[in-house]
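Trainee: Note that the protein sequences, when read in sequence, are chains U, X and P.
Numbering-wise, the first sequence is residues 0 to 212 according to numbering that gives the first Met the number 0.
Numbering-wise, the second sequence is residues 0 to 805 according to numbering that gives the first Met the number 0.
Numbering-wise, the third sequence is residues 0 to 227 according to numbering that gives the first Met the number 0.
Honestly, the hints are just simulated from the structure, not real lab data.
Just to be clear, a hint being listed does not mean it is correct.
A partial selection of chain P residues facing chain U, derived with a Cβ cut-off under 8 Å [what the hints assert, rightly or not]:
id : residue
1  : 180
2  : 183
3  : 207
4  : 212
In this text, all values refer to a predicted model and were calculated from it rather than measured experimentally.
A virtual CB, placed ideally from N, CA and C, is assigned to each residue, including glycine.
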Amino acid sequence: MSSSAVRVRVARSPRFRDPRPQRRPRYTHRVYTLSTVTLMSIGHALLGLLEAGPRHGYDLKRAFDERFGQDRPLHYGQVYSTMSRLLKNGLVEVDGVESGGGPERKRYAITDAGITDVERWLARPEKPEPYLQSTLYTKVVLALLTGRSAAELLDGQRAEHLRLMRILTDRKRSGDLADQLICDHALFHLEADLRWLELTAARLDQLASEVRA
Amino acid sequence: MSTTRHEPHPSCTAPDLPHPARRPHRGPAARLRDLAMGVRFAVSGGREGMTRTALTALGVGLGVGLLLIAASVPQMMDARDSRTAARTAVGPELGEQAPVSATSLVTAPADTDYRTETVGGEILRPDGADPALPPGLDRAPAAGEMYVSPALADLLASPEGRLLKERLQHRTVGLIGDAGLLDPGELRFYAGSSTLTTDTGGVRVDGYGTRGGGDPMAPVLIVVVVLACVVLLVPVTVFIATAVRFGGEQRDRRLAALRLVGADARTTRWIAAGEALFGAVLGLAVGAGAFAGGRLIAGSVRVWDLSAFPSDVVPVPWLGALILLAVPVVSVVVTLLAMRAVTIEPLGVVRRSAPRRGRLWWRLLMLPAGLAVLLATGTVGQDSDVVEPWPVAAGTLLVLFSLTALLPWLVDAVVRRLGRGPVAWQLAVRRLQLGSASATRAVGGITVAVAGAIALQMVFAAVHDDFNRVTGDDSERAQLTVSAEFPSGELAAEMIREFRATEGVRGVIGTVEAYVVSPEPVAEEDIRPTTLMTVGDCPTLRELARIRSCADGDTFVVHSVRDEPPGDWIDRTARKGKQVNLNSDTPFDGSAPKLWTLPERSPTVMARPDPVGEEHTGILATPGAVDVSALPGAWTTALVQIDESVPDAKEFVRNTAARIDAPVRVRTIHKIERDRQYESVRTGLLAAATATMGLIAASMAVAQIEQLRERRRLLAVLVAFGTGRATLAWSVLLQTAVLVVLGTAMAVAAGIGLGVAMLRMIGKPVTHWGSFLPVAGMGAGLILVVTLLSLPVLVRLMRPGGLRTE
Amino acid sequence: MIPAGSLLVAEGLRKTFGSTTALDDASFSVHPGEVVAVMGPSGSGKSTLLHCLAGIVRPDAGSVTYAGREITGLSDAERSALRRSDFGFVFQFGQLVPELSCVENVALPLRLGGVKRKEAERTAREWLERLEVGDTARKRPGDVSGGQGQRVAVARALVASPKVVFADEPTGALDTLNGERVMSLLTDTARRQNTAVVLVTHETRVAAYSDREIIVRDGRARDPERVA
């Protein structure tokens, strides 16, 4: 809402032309939340990428950007700080360092603990709340990349969503009109998340089978 | 809304394609374009469209086939008449003989009955070397030879023909050509003879082939035939009108989609008409094909004893042309009219379910108008020569069409008051309340057919006595009479001898009979006293009268036990000791009288009924008292009483009769003897009524099945919550039954009304009020047939597949 | 294996139509008064599962036990009788007999069960009132709105006090508001009279009216509770 107001103001000022005027306010809004959520799951995403084989930090950043960073690429700094956290927790190990030194030449590999961590993360449904797309998307992609079932992930997430939706539905049925409206708002968003997730899974399944073929 | 683009392809509406030229969307050209588009839809309408077109084509084809056959009937009759004329001998004018010449020949009819069939036959004896021949023969058969029709040849060659073969002992030397036969199935033979003379029943003729047919039809028969044609063809037109509307509901949905892309209401109507037109034209082709196919097998099919050569089955040209033109026009007009009751909106179809009651008056008016026309035609005297077929046809048409117009109104009025009862009944009645148009149309056909059939039955029953002579024969006592058209004491004696020796015969009497008249002058306006003279031997005469003593040379005067005719009337001719004129033709043609004196000693005795149940009143004479060969116009008769328990006893008698070397005629005595022409009209009517009923059953079944198909999902839902098959089957049956019962009730009322009007017209009282019963039974049968036909579809549709959402 | 106290249990259901497999080793159970949502992508076999459970379709293999009684082996007439007396149905559309009035439609299951017309229609009218569509009683289905029609259908499904109501996308043809109303009427009433509801839907919002969901995928029915 606020960015839409900003956009109106920008549009009124000829000197302050928005460099990307075609971008719609709601989109901007979503990009913002997307990157926030991404920060929370970068560690798992990088771990998941490492499951396919050891990589250099730079490769990891590129792979991440390719798949998840369409709107906002990772900073190198983010990668290194995350990798060092993972190293400290024993989820990755340094597979080798190429000659010439420098932090960017380190090759990382995932440990068994790291694989278990990814596994657990994928299996754990996200707490249903608005604007989960990015996390869920990351999960679906990683599940497919690592040969896990996106459908199971989906079923688990759906069950989790439904649990909350049931609570909201119950509250709606016993509450007054204001409660109903608020609950409905949440319900619609939750439903939208699920539907988007189903659609994504279906398309990625399709993509995965194309890739495999 | 007047855009000209209705093309179904989305690509045509794409902006980058050139716009088709805008043509004015008014006038006949636009209508033609709409029609053409409808035809295109019918052609490329996918599987459902094809089914619909196929149904219409089949329905119309059936109707057209029947119409073409009906249109061929006059030609068939003509052909039959000319075939009959071609083989009728010429020369003799009413009993006269042709002069002897090189081409003349003596012939005698030799028709014989074999079980249920009649075998036509003629005995030929040429006078010279170059005899005239009946058509189909290339030479005259010599004595002991015969030509047979192919059908007779087959019969004689089969085991069934064994007894007939004994009778026709001539050697078969060839087949009669098609030119000499009325139809391919006719049983006929020509046998040669060396003994036939004009004295033994033969007639000398000098050629074959008369001009013109037989007797003109009686006026009453014309009325009946006109009525029959109207009655039978109206349902066919109703059926065609129904057939062009097959699948209408599904089509309406398609048209709604057209409205969405911008067609106006009138355009959709014409497109619908175009679709119907295509089906109808296809139907014409199917009908023509069916007719052509049916023609080929016409010869091998005998419907109610009727058959014809394929070459004779040709529609009357103008009737054929009328059918070819009328069917497409009817299909377009009917569709346009039907579509007026439907409003196709872009997003769906609105059906005017409530009938327009304001229009009732003209529906009600047609009925009295028709009856008035019929009654105004006045009474046709049975002997009056003139009968106008057109008012009869017009009146009948009005009455019958008024039924189809009134029925929907009646159905609506009655059904609205029903509804309480078991579930099946409720489902059926409510369905009718909501929309019964298509089923009612089909029932309209039934109503017309049934009403017409009832009227015809009544007319037939009333004129029955004119065409059916109650013979009064005592068939308990004798079942066969064998007669020869000439007097011969020897023949009488021979017949007695031969038949007594025949298997299965209980008793025989043989006589020579003639009418005799009083020679006394009578006043101009008086009837000349006439009586019968019967000549036979004493044992025979004892059978015919209560005679105490009898010797050859005796004569008796016989009075009736019932005093019919009165004894004094007999005595005015049979005057004892006075003269009797043995030539009963004298008063008519002035030929010389043959006077004979009845002996004074002729006791008056009372008659005994003969084996045929007749009394031989008048003069009984022994052969010694009168020379039978001197009896002009006399005939020789044997009455043969047979034992019914002997199988084929009749055939044995006929075989014996055939062995007697004289052209004798064997006649089976029935209680009632039917007039042949009457019989053929009746059989034709029966055949056509059967076909009509079949058509209507077909169209009702199609309507029913179509309705079931449309309700596939609903049926599946009903089954899901536990509705039994029986309940649904009953509702289907009841739905048909309610309509048919109403239609039949209306038909019975109208049919009786029509029958009464027709009878009034031909001046006959109503004799049979119960004529409608068998027809009503036919209606009940129809309900069953339609239900049975739709049950397999119902069962199939009740499978849970219908629950799937498409 | 079979959860204790289940009213309707299916084990190892298999069903193929021609070459397509609609159900492949599907299992299911529902307790009295429980609302179970059957979810899954379209073509996954949801409806076939419902048809098998309701005894409309006979599975190729597997068993369906209702109230301790195996029903797959029953004759068509017996299954019809069972559906009449113990089951109710709501479908997405096209389920009301168009020529019967709404009250007659609702009375239909009762009348099929042998209840007299007057009494059946009196009960039907009460149900219409309960579902807030009392004013449609004398109207034909074609003359009422989609939401009203669906409530009439719910009334018809519940009128004979069934033990199980099978609802196949009951809100599929309705707008959100009407769909919500139909769902809350259906589930409230069912819970109140301890009627189990088997609810086939692909809408999570509709499924949220259930107590529990099972997912059908490629003909396999998975009960998350039982898997976990």
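Trainee: So, for every hint listed, does it hold in this structure?
Mentor: The hints, checked one at a time:
no. : hint : verdict
1   : 180  : 11 Å, violated
2   : 183  : 6 Å, holds
3   : 207  : 4 Å, holds
4   : 212  : 6 Å, holds
Hint check: a violation occurs at hint 1 only; the rest are consistent with the structure.
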